[in-house]
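Enquirer: So you can see what is in the structure, the chains are spelled out below.
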Amino acid sequence: MADDKIHIVTEAATRILADLADPQTINRADNDAWKEPLWQALSAAGLPLAWVPERLGGSGGTLTDGFAILSVAGRFALAAPLAETLAAGWLLARGDLTAPPTRMTLAPVRPRDRIVIDADGKLNGHATGVPFARESEHIAVLATDGKQQHIALVETVQCRLGESRNLAGDPANVVTFERVRPLRSAPAPRGFDQTSLMLMGSIVRSVETAGAMETILSLSVAYANERVAFERRIGKFQAVQQNLARLAGETAAAVAIAGSAVDAAAQTEIFDEGMFLEAASAKIRTAEAAAEGAAIAHQVFGAIGFTQEHILHRFTLRLLSWRDDFGSESYWAAELGKLVARRGADDFWPLVASR
Amino acid sequence: MTVDLHFDPIRLPPECAKLREEVRAFLTEEIAAGTFDPHRPDDGEGYNRAFSRRVGAKGWIGMTWPKRYGGHDRSQLERYVVTEEFRVANAPSHLHFVADRQSGPVLLKYAPEHIKQDILPRICRGELCFAIGMSEPGSGSDLFAAKTKAAKIDGGWRINGSKIWTTSAQVADYMLALFRTSPPSKDNRRHGLTQFLVNMKTPGITVNPIYQMTGKAGFNEVVFEDAFVPDDHVLGEIDGASKQATSELAYERSGPERFLDTFYVLLELIRVAGPEPDLRCAEGLGRLVAQLHTLRRMSVSVAGMLQAGQEPVVEGSIVKDLGTVWEQKLPGRVRDLAAFLESEIVNRATLEDQLAYATTIAPKLTIQGGTTEILRGIIARGMGLR
Numbered sequence: 012m013a014d015d016k017i018h019i020v021t022e023a024a025t026r027i028l029a030d031l032a033d034p035q036t037i038n039r040a041d042n043d044a045w046k047e048p049l050w051q052a053l054s055a056a057g058l059p060l061a062w063v064p065e066r067l068g069g070s071g072g073t074l075t076d077g078f079a080i081l082s083v084a085g086r087f088a089l090a091a092p093l094a095e096t097l098a099a100g101w102l103l104a105r106g107d108l109t110a111p112p113t114r115m116t117l118a119p120v121r122p123r124d125r126i127v128i129d130a131d132g133k134l135n136g137h138a139t140g141v142p143f144a145r146e147s148e149h150i151a152v153l154a155t156d157g158k159q160q161h162i163a164l165v166e167t168v169q170c171r172l173g174e175s176r177n178l179a180g181d182p183a184n185v186v187t188f189e190r191v192r193p194l195r196s197a198p199a200p201r202g203f204d205q206t207s208l209m210l211m212g213s214i215v216r217s218v219e220t221a222g223a224m225e226t227i228l229s230l231s232v233a234y235a236n237e238r239v240a241f242e243r244r245i246g247k248f249q250a251v252q253q254n255l256a257r258l259a260g261e262t263a264a265a266v267a268i269a270g271s272a273v274d275a276a277a278q279t280e281i282f283d284e285g286m287f288l289e290a291a292s293a294k295i296r297t298a299e300a301a302a303e304g305a306a307i308a309h310q311v312f313g314a315i316g317f318t319q320e321h322i323l324h325r326f327t328l329r330l331l332s333w334r335d336d337f338g339s340e341s342y343w344a345a346e347l348g349k350l351v352a353r354r355g356a357d358d359f360w361p362l363v364a365s366r
Numbered sequence: 057m058t059v060d061l062h063f064d065p066i067r068l069p070p071e072c073a074k075l076r077e078e079v080r081a082f083l084t085e086e087i088a089a090g091t092f093d094p095h096r097p098d099d100g101e102g103y104n105r106a107f108s109r110r111v112g113a114k115g116w117i118g119m120t121w122p123k124r125y126g127g128h129d130r131s132q133l134e135r136y137v138v139t140e141e142f143r144v145a146n147a148p149s150h151l152h153f154v155a156d157r158q159s160g161p162v163l164l165k166y167a168p169e170h171i172k173q174d175i176l177p178r179i180c181r182g183e184l185c186f187a188i189g190m191s192e193p194g195s196g197s198d199l200f201a202a203k204t205k206a207a208k209i210d211g212g213w214r215i216n217g218s219k220i221w222t223t224s225a226q227v228a229d230y231m232l233a234l235f236r237t238s239p240p241s242k243d244n245r246r247h248g249l250t251q252f253l254v255n256m257k258t259p260g261i262t263v264n265p266i267y268q269m270t271g272k273a274g275f276n277e278v279v280f281e282d283a284f285v286p287d288d289h290v291l292g293e294i295d296g297a298s299k300q301a302t303s304e305l306a307y308e309r310s311g312p313e314r315f316l317d318t319f320y321v322l323l324e325l326i327r328v329a330g331p332e333p334d335l336r337c338a339e340g341l342g343r344l345v346a347q348l349h350t351l352r353r354m355s356v357s358v359a360g361m362l363q364a365g366q367e368p369v370v371e372g373s374i375v376k377d378l379g380t381v382w383e384q385k386l387p388g389r390v391r392d393l394a395a396f397l398e399s400e401i402v403n404r405a406t407l408e409d410q411l412a413y414a415t416t417i418a419p420k421l422t423i424q425g426g427t428t429e430i431l432r433g434i435i436a437r438g439m440g441l442r
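If you read the sequences in order, they're chains A and B.
Numbering-wise (this note's numbering), the first sequence opens with residue 12 and increments by one.
Numbering-wise (this note's numbering), the second sequence opens with residue 57 and increments by one.
Please keep in mind that the hints were generated in silico from the structure rather than gathered at the bench.
Bear in mind that the values here come from a model prediction, so they are computed numbers and not experimental data.
Where is the CB? At the ideal position from N, CA and C, for every residue including glycine.
In silico BS3-like cross-links for lysine-lysine, where the CA-CA straight-line distance does not exceed 27 Å:
1) K257(B) to K165(B)
2) K203(B) to K257(B)
3) K247(A) to K299(B)
4) K247(A) to K242(B)
5) K257(B) to K272(B)
6) K385(B) to K349(A)
7) K123(B) to K172(B)
8) K208(B) to K299(B)
Sample of chain A residues with no beta-carbon within 12 Å of chain B, all distances over it, derived:
9) G71
10) R105
11) D129
12) L178
13) E242
Sequences and hints are given; from them, build the entire structure.
Expert: What follows is the structure, encoded as C-alpha cells:
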C-alpha cells in the first residue's frame, strides 16, 4: 500500500520533470522561461507542499512521499526550489504555521549562521548560501530569542539579498534580516533546534545527491557502451570498466545511506543520537560519493563532458555544490567524531549496531 | 539504459536484539575465561575446537539451515547479528566460519541426502572445519583455468594435481574443491569443472604449509596424488560447476567479515583519543564512522535480500569491493589520526601493536575470496559492459 503510493508520487514527479525540466532541453534554453510552467505543474500536483498537512495549506503527504519527490528531483538535477520549498513547508509545519502556495526557501542553511528574534518579534541576522533565495517569494526561518527557538515565515522582499550563485549557477544568496517582521511566527516544538533543522536538510541533500548519482552512473555506462575509440566501445576496456565499477560502488553507497536516513526519519520525530548517526553519515558519505563519482563520470566522458553543451555538468556541479548546504561533510564528520569520542570506545559499537 | 542498484533500508527485526544480548553475554564470559583476548587481533584468526563446539551448542552455527539437518531455521538477519558480534569481539571463529558461511549452504543445495544427514549436523555442532579448494598454481583469479584432474574410476574418482593458497587446510576436516572432469569445450571455457566434497583424511592428500609475510603459516599447498573420492561426494552437475558458483559468491561476499577485519584499530583509536580529541582527529574519526555505518547498512541490506531468496550478486560484489578497500585503508587512516594525540606511551602500546598487525595483514584483504579487479569486473558485467 505504502509502496504503491510512493510509486505514484515518483511517477507523477518523473512525468512532470521529464516534460518540463528535461536536462537536455533546459541546457539549450537561453532563458528561464521554462521555470514558470514547471512550477505551475508541480504545484497543481501538490508536490512542493507535500510535507505540509492539508489543514495548513499543503497536500498532506508522508515524509517518505516527500523524499521520493526529492529523489526524482535529484535524478534531474533540478534547478528550481522544489527541495527548498518542501523543506520550508516541513519547517513551517513544525511550528503549526500555514504555508503559502509559493516558491519558498529556508534559513539558516549553515550550522553556524544564527538568526535572532527580538522582543518585538522582529528578525535580525544573516544567513549565507541560502539556496534559491532570489527565486523565492517566502523564506521559512528558524530563529532564537536566546532561550527558545522560533519558526517564522517572512516575505523575501523584506530581506536584503546578495548576488552569489553556487557552482552550478543556482542562486545561493546571503540573506540579511534587519528588523524584519515575519508574516507569522510560533515557538518551535520542545527539543527542536538548529541541529534538528541541519540534520533534516542534510537528509534532503543526501537524497538529491543519491538521485543525481544514479543519473551520472546511467549516463556514464550508456556513453561507455556507445562511444568507440581504438575500434572498440570504450566500455570494453578494463580500465574504463574498473572506473565505472567504482562509480557504481559510490552510487550504491549514496543510495543506501540516503535510503537508510530516510527510513530513520520516517520512524521517528526525535533527533536522538541514532538519528544523528544516520543523518550525519548520510551527508558525509553522499558528499564523499559526489566528489569521487563526479570525477569518475567526467573521466569517462572525456572532453565532451567538459563542455557547456553536454548535460553532465548540470549533475556534477550540483552534486559538488550540495555538499556545502546544511553543514559540509567536514563539519558533520567533526561533530560525529566528537559524539563518538564523548560516548567512548565501549559505547561505540552498540551505537552502530543499534541501527 | 538505467543501472538499477537496490539497497533497501532493511532493519534488523526485534528478535535480533535479544539474540545480540545473548551473544554479547556469551562472548563476555569467554573473554573472562581467557578463551581469547579482544585486543589481540591474532586471537581472532585462531582455531579453537573447544570454543567452536560451545558456539555450536548455543545454536549459532548453521543457524539458517533446516532443523532436520541440525540447523535452527533462523533468518539470515539473525545469523548476521551473530557474525558481526563475533567479529567485533575478535572471537576465534575460523574453525567453523567457512563451513557456516558457504560450505554448508553448498552441501544443502547439492549433496545427496545421506551426506547431508551425516555432515551438516556435525558442522552445526562446531565439530567440522572446511577449506575451499579453488586456486591452483597457475590459476588464481582465473578459476576456470583449474587443471587438477578427477578421473572416473570404479565407484568414484581419482584426483591428481594441487590446490594452493588454501586457508585452513592444515586443520580442515573437509574441503569443497573444484576439479577438472572434462576439458573445456570449444564454445565454453567454463565447461568441465565439477565440485567435490573431499575428506581431508583421504590417503594421497598432503598439506604443505606456506608461510605468509606475517611470519605465520596462514595458508597451504594441498597436493593430491591418486586420492580417491567416492561417487556420492560429487556435488551437483558433473562438468557444470561454473553454473553453481554464483549463489555461493553472493553469500561469500557481502557479510560483515568483509569490512570488520581491522575494526579493532578504530575501536582502539577511540579509546586512545579520549573524550575530547583534537579537531583533526574528531573529523577523521567522524568520516570513518560514517563510512563504517554506510557499509554496515549496505551489508544488512544484502542479508535482507538473501533472506528474501534473491541472489544479489552485483550488490554483494559492491559491498565486498567497498568493504575490503575500506578495511585495508583503515590502519593507515588510524595511524594518521593518532599521529598528534598526546597520549602516554603506555596507553598507545595496544594501538601500536594492533596497527603493526593490521598493516601487515592489510594487503591480503583485497585479494582473498575474489580480488578487487575481479569484483569490479563482475560489477561491470552486471551493468552490461561486458
